[in-house]
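Peer 1: In my numbering, the protein residues as written are 418 to 665.
Bear in mind the hints are in silico, worked out from the structure with no lab data behind them. The beta carbon of each residue, even a glycine, is placed where N, CA and C say it ideally should be. Any given hint might turn out to be false.
Claimed, not checked - Cβ pair distances, simulated, as ranges:
#: 1; residue 1: A649; residue 2: Q613; range: 35 to 45 Å
#: 2; residue 1: H485; residue 2: I421; range: 41 to 51 Å
#: 3; residue 1: S436; residue 2: L503; range: 41 to 51 Å
#: 4; residue 1: Q455; residue 2: L658; range: 43 to 53 Å
#: 5; residue 1: K526; residue 2: A614; range: 20 to 30 Å
#: 6; residue 1: E642; residue 2: R508; range: 14 to 24 Å
#: 7; residue 1: I421; residue 2: A478; range: 28 to 38 Å
#: 8; residue 1: L661; residue 2: A511; range: 32 to 42 Å
#: 9; residue 1: R463; residue 2: Y492; range: 41 to 51 Å
#: 10; residue 1: A511; residue 2: E629; range: 13 to 23 Å
#: 11; residue 1: Y655; residue 2: K483; range: 14 to 24 Å
#: 12; residue 1: H648; residue 2: Q455; range: 43 to 53 Å
#: 13; residue 1: K494; residue 2: H648; range: 17 to 27 Å
As the list claims (entries may be wrong) - Heads up, simulated EDC-like pairs for lysine to aspartate or glutamate below, C-alpha to C-alpha not over 20 Å straight-line:
#: 14; residue 1: K544; residue 2: D556
#: 15; residue 1: K432; residue 2: E444
#: 16; residue 1: K652; residue 2: E502
#: 17; residue 1: K483; residue 2: E663
#: 18; residue 1: K621; residue 2: E502
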Amino acid sequence: MATIVDVTILGNRYKLKSSDNEAGQLEELAARLDARMQETASHLKRVNPLNVSILTALQLAEELAKSHGEARAAYAKLQKQYNDELARLGRQHAAELAQCKKDAAELEKKHSEELAKCKKDTAELEKNHLEEMAKLRQDMDRLEKKHADELAQCRAEQAAQGRKHADELAKLTDGQKESLSQLTRQHEALVAELRQAHSQEMAKVQQEHSQEMAKVQQEQSRRYEALQAEHASLKKDYDELMELLEET
C-alpha cells in the first residue's frame, strides 16, 4: 500500500510517495541527502539551491565512480586469484592423476610379472614331473624286458618247472601292474595338487590387484571431491562479491 512521506531537503519540504515497507528507508535517505547538501552549502558564500544540488550531485557521482573503481579493482583482483587458484588446482589434480596412473601401471606391471613367474614355475614343475614319469616308465620297460629275458631263459633251462615259473611270472606281472598303477595315481594326484595351487595363487594375485586398484580409485575420488569442495568455496566467494557489486 502506498503512503506519503514528508521530507525536508535544504529547507524545502517535499511530499514523496512510497510503499509502507520503504517509508523509513526513504526518510533516512532524504535526511542523509539534506545533511550532505547542508554541508555543501556551508562552504558557499551565496546559497543557491540549484548550485548546491549540482555540487552535491557531482560529489556523489565522484564517490560513486570511486566506489565503482574500487569494486572493479577488487573484482579483478578476486577474479585473478580465482583463475590462479583454479589453474593451480588443475595442475595439482593433473599431477596427482598422472601419479595415480603411474602407480597403477607399476602395480599392474608387478602383478603381471608375478603372474608370469607363477605360470613359468608351474610349467617347470609339470615338466619335471612328466620327465620323472617318463623315466619311471622307461625303468619299468627295462625291468619288464629283463624279467621277460629271465623268464625265457628259465623256460629254456627248466622246462620241467614251467608251472612254477609261470606262477612266479604271474605274481611278478601283477606286482608290476600294481606299481605302475600306484605311480600313475601318484602322478595324477601331484598334477591335481599343482593345478589347485596354481589356481589359488592366480586368485590371490587377482584379488590383490583388485584391492590395489580399488584403493587407487578411492584415493582419486577423495582428491577429486576435495577439489570440488574448494572450487565450490571459491565460487561462493565470487557470487557474494557479484551480489555486493549489484547492490552497490
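Peer 1: Against each hint, give a clear statement of whether it holds in the structure.
Peer 2: Tested hints:
1. A649 to Q613: 35 to 45 Å: violated, 53 Å
2. H485 to I421: 41 to 51 Å: violated, 33 Å
3. S436 to L503: 41 to 51 Å: The hinted range 41 to 51 Å holds for S436 and L503, with Cβ atoms some 43 Å apart.
4. Q455 to L658: 43 to 53 Å: violated, 35 Å
5. K526 to A614: 20 to 30 Å: holds, 24 Å
6. E642 to R508: 14 to 24 Å: holds, 18 Å
7. I421 to A478: 28 to 38 Å: For A478 against I421, whose Cβ atoms are near 29 Å apart, the range 28 to 38 Å holds.
8. L661 to A511: 32 to 42 Å: holds, 33 Å
9. R463 to Y492: 41 to 51 Å: holds, 42 Å
10. A511 to E629: 13 to 23 Å: holds, 22 Å
11. Y655 to K483: 14 to 24 Å: holds, 23 Å
12. H648 to Q455: 43 to 53 Å: At 50 Å between Cβs, range holds.
13. K494 to H648: 17 to 27 Å: holds, 19 Å
14. K544 to D556: holds, 18 Å
15. K432 to E444: Holds - the C-alpha atoms of E444 and K432 are around 11 Å apart, at most 20 Å.
16. K652 to E502: Holds: K652 and E502 sit about 11 Å apart, inside 20 Å.
17. K483 to E663: Holds: K483 and E663 sit about 15 Å apart, inside 20 Å.
18. K621 to E502: Violated: K621 and E502 sit about 44 Å apart, past 20 Å.
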